[in-house]
Amino acid sequence: MMQKSSVIACLEKAWPVLVLVLPLLVAVVLADLYGSVLLKRTVTDALIKIVIVVGLYIFIGNTGIVSFGHIGFAGIAAYFATWMTCCAMMKPITMTGLPDFLRLETYSLWSTALVSVAAAGLAALLIGLVLMRLSGLAASISTLAALFIFHAVYANWDNVTMGRASIVGIPTYVTLWVGLGGAFLAIIAAYLYQISSYGLAARAARDDEVAAQAAGISLYWNRLIAFVISGMVVGLGGVLQVHFMGTISVNAFYLNLTFLTLAMLVVGGMRSLAGAVVGVVVLSTIADVFRRLEAGVDLGATRLSTPTGTQEMFLAALMLLILIFRKDGLMGRRELRLPRLRAGRARAAQ
Amino acid sequence: MLDISELTVRYGKLTALEKTDIRVDEGEAVFVVGPNGAGKSTLLKTVAGLLRPAGGRIAFEGQSIAGGAPERLCRRGLALVPEGRHIFRTLTVEENLLVGMMIRRDRAAVQDDLEQILGLFPILRERFRGVAGNLSGGEQQQLAIARALLQRPRLLMIDEPSLGLAPLVIDQVYASLKELNATGLTLLVVEQSTARVLDLATRVYVLRGGKVVLSDTAEALASGDAMEEAYFGYAGQADA
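Line by line, the protein sequences give chains Y and H. Each residue of the first sequence is one higher than the last, beginning at 1 in my numbering. Each residue of the second sequence is one higher than the last, beginning at 1001 in my numbering.
In case anyone wonders, no lab produced these hints; they're calculated from the structure. Mixed in with the good hints, there may be bad ones.
[What the hints assert, rightly or not] Using C-beta positions, here's what the derived DEER-type ranges look like:
| # | chain 1 | residue 1 | chain 2 | residue 2 | range |
| --- | --- | --- | --- | --- | --- |
| 1 | Y | GLY332 | H | GLY1077 | 37 to 43 Å |
| 2 | Y | LEU114 | H | SER1005 | 34 to 40 Å |
| 3 | Y | LEU192 | H | SER1005 | 38 to 44 Å |
| 4 | H | LEU1168 | Y | GLY332 | 31 to 37 Å |
| 5 | Y | ALA316 | H | ASN1134 | 33 to 39 Å |
| 6 | H | ALA1220 | Y | SER5 | 58 to 64 Å |
[Unchecked claim] With a Cα cut of at most 20 Å, we get these calculated DMTMM-like pairs of lysine to aspartate or glutamate:
| # | chain 1 | residue 1 | chain 2 | residue 2 |
| --- | --- | --- | --- | --- |
| 7 | H | LYS1019 | H | ASP1171 |
| 8 | Y | LYS13 | H | GLU1095 |
| 9 | H | LYS1211 | H | ASP1199 |
| 10 | H | LYS1178 | H | ASP1025 |
| 11 | Y | LYS91 | Y | ASP158 |
| 12 | Y | LYS13 | H | GLU1094 |
C-beta: ideal position from N, C-alpha, C; glycine also.
Bound-form chain H, shown alone:
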């Protein structure tokens, strides 16, 4: 579904990603983990069209999308939940969700989707007319995910869904993601913490210093310490 090959992204002279290869197949939940400054957020922003790559190829469903405008990529079925719970703080929850539906043409199905998503995140129904800036951190994360889901994406990219959230709330968010993945939605998730990754991931990539240093299936990684070793830099280069 998503095929990234030799992707290089630079901020001026600083190289954030260097010749990175990542693949996401349909229905998978692929996690990219790594420490601060590994290039995880840069990766998602580049795929979503918010950053222009300096080199390499990004193909979505067989078509090159590198450097495309974000609004066009949204219409092609890519949705990004940016890091740090980017919601529209002065708008109501309802208006936040309306923004998510803006790119939809199938107006009839939108209402059904909204009902379904409010079923998945019941707290948003309770706070429907409230100002989004007044929501708690976990509720804001749910709102950001709900808004992205209303775009009816085929690939949902989430940047650090557990950032700054209490453990109980992280459980809720991960349970929702698991439910979404079980319905067939493909996920590409970026996380700094490796704690819960293997509960949901089908495949994991470890990024360090802008390079993939490890990639394997979650099943294979569950049996050893390879992920932690790669994450902290104990392991050598990738054996992907």
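Chain Y on its own, in the form it takes in the complex:
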């Protein structure tokens, strides 16, 4: 009996993660078995977006501070991965500003991923040490300023980043399964943080700064911890992105990706881990459907297609509707829990 209840307790604890990763696993298996090349790429891209959006959720969802700057950490990690793995012949000529250990050497993909994520974490730490003293809108705007600084530096650092030009020849190893692994890691990291005392402290400070301080919570340190962890997870997303595309340019990690990933988080529900995942799935699905419709669908002798730009218009309209009618997003503030067991416990308690 005791064994059974401890199994149920474990299951109940792990459920919010299982209920997110199992459908992703099924989707990846189906796409791998029956999907076209295009569908496989679409699903992989969505899995990478899950990593980034879950990373955003770790900070935004738990602290309540909207960050516009996190894509900069994805960019920092992605460029690190590029410098460590790409184009051994081209690097010494085109990226002359790199130190010798990067310019003349290439490294294994795993060690590159670890170092790149650590670099994103270090950047988040250094920036967070300054910015996390701020609260509310001031903190949000300052993260946007950090993104502008990242972009300006990387776009003009010609002998290191090749400026605004694209770097090609980056090894591509991110398949459906690697993307799924990344999404698993991100979701588990977010959940472990969420149930830790640091996550609880961050959410308490999000709800009421005065009460949190009165309860002995340091707003600064708890926000900094969330900022660094989320910077690392978003950095992992950047590494996966660059090894998926095989190419990188500074504009790939700027405003478009910032607002797309924020839109995914808002649509799903900013204050729920499940919301972060649901938001990516919903928006990626809609974007893919409209991409196909814009390309044209054959109906017998006629070929129907929607005008170019329908996708963006529909997504914008959907966001407006959600903001008006469900301002906490599709998932609200809820996580997916075990309904039957909870009901059973409630009955037992009665």
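Add chain H to chain Y, keeping to what the hints say.
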């Protein structure tokens, strides 16, 4: 235990407290009463480290604490229940109480304390897994006090415990405070209403316009109208 001398606090050019002296001895229940804008909440926030004083001295158990970080002051044994039932509305009652225990190192004793506090506020046990934002005003006040108690403070500061509560609920809250004070917990309570103050207070300070205009023992104040006169400004300057 708490010795405040010549404390001055300013919001920009506005002086909220001016050369205020207040003393709280161990085991006492000291009340600070005064009308709106008297500087009562400013006083507690400054002691708790949420505001920095412009001048004066705050000593807790003989050590200066003026301008210390709130989290450090919590660890030294000061707990504040801020005005307006500041609870964590989207967290459950259980999570609210967990936040209160965060600064504790003695994990073994925490569970015993939790049981004891849930005994003192049984409604919180009933609502343990519920979202705190759904609690009634009185229940939220009890939760805020329970959370502060879980910090195991030596001095509990409460800002307007009766604010916005029904008379019956105020009775419950005051009964709980009386019980806590009887266990030896030192209280520093701020109230706008003087109605129930003398039921619990051992000493009372009346604040007006950022200055102490009266201080005396509850026993002495019970026999006359001095407190009301000072509160409404009929009396002259403090004769403390």
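Hints, verified against the model:
1. Y:GLY332 - H:GLY1077: 37 to 43 Å: holds (39 Å)
2. Y:LEU114 - H:SER1005: 34 to 40 Å: violated (56 Å)
3. Y:LEU192 - H:SER1005: 38 to 44 Å: Violated - the Cβ-Cβ distance for LEU192 of chain Y and SER1005 of chain H, about 48 Å, lies outside 38 to 44 Å.
4. H:LEU1168 - Y:GLY332: 31 to 37 Å: holds (34 Å)
5. Y:ALA316 - H:ASN1134: 33 to 39 Å: The hint (33 to 39 Å, Cβ to Cβ) holds, given that ALA316 of chain Y and ASN1134 of chain H are roughly 35 Å apart.
6. H:ALA1220 - Y:SER5: 58 to 64 Å: holds (60 Å)
7. H:LYS1019 - H:ASP1171: With Cα atoms ~34 Å apart, LYS1019 of chain H and ASP1171 of chain H exceed 20 Å; violated.
8. Y:LYS13 - H:GLU1095: holds (15 Å)
9. H:LYS1211 - H:ASP1199: Roughly 24 Å between the alpha carbons, so the hint for LYS1211 of chain H and ASP1199 of chain H is violated.
10. H:LYS1178 - H:ASP1025: OK: LYS1178 of chain H and ASP1025 of chain H at ~16 Å, within 20 Å.
11. Y:LYS91 - Y:ASP158: holds (12 Å)
12. Y:LYS13 - H:GLU1094: Judged against 20 Å, a Cα distance of about 16 Å means the pair holds.
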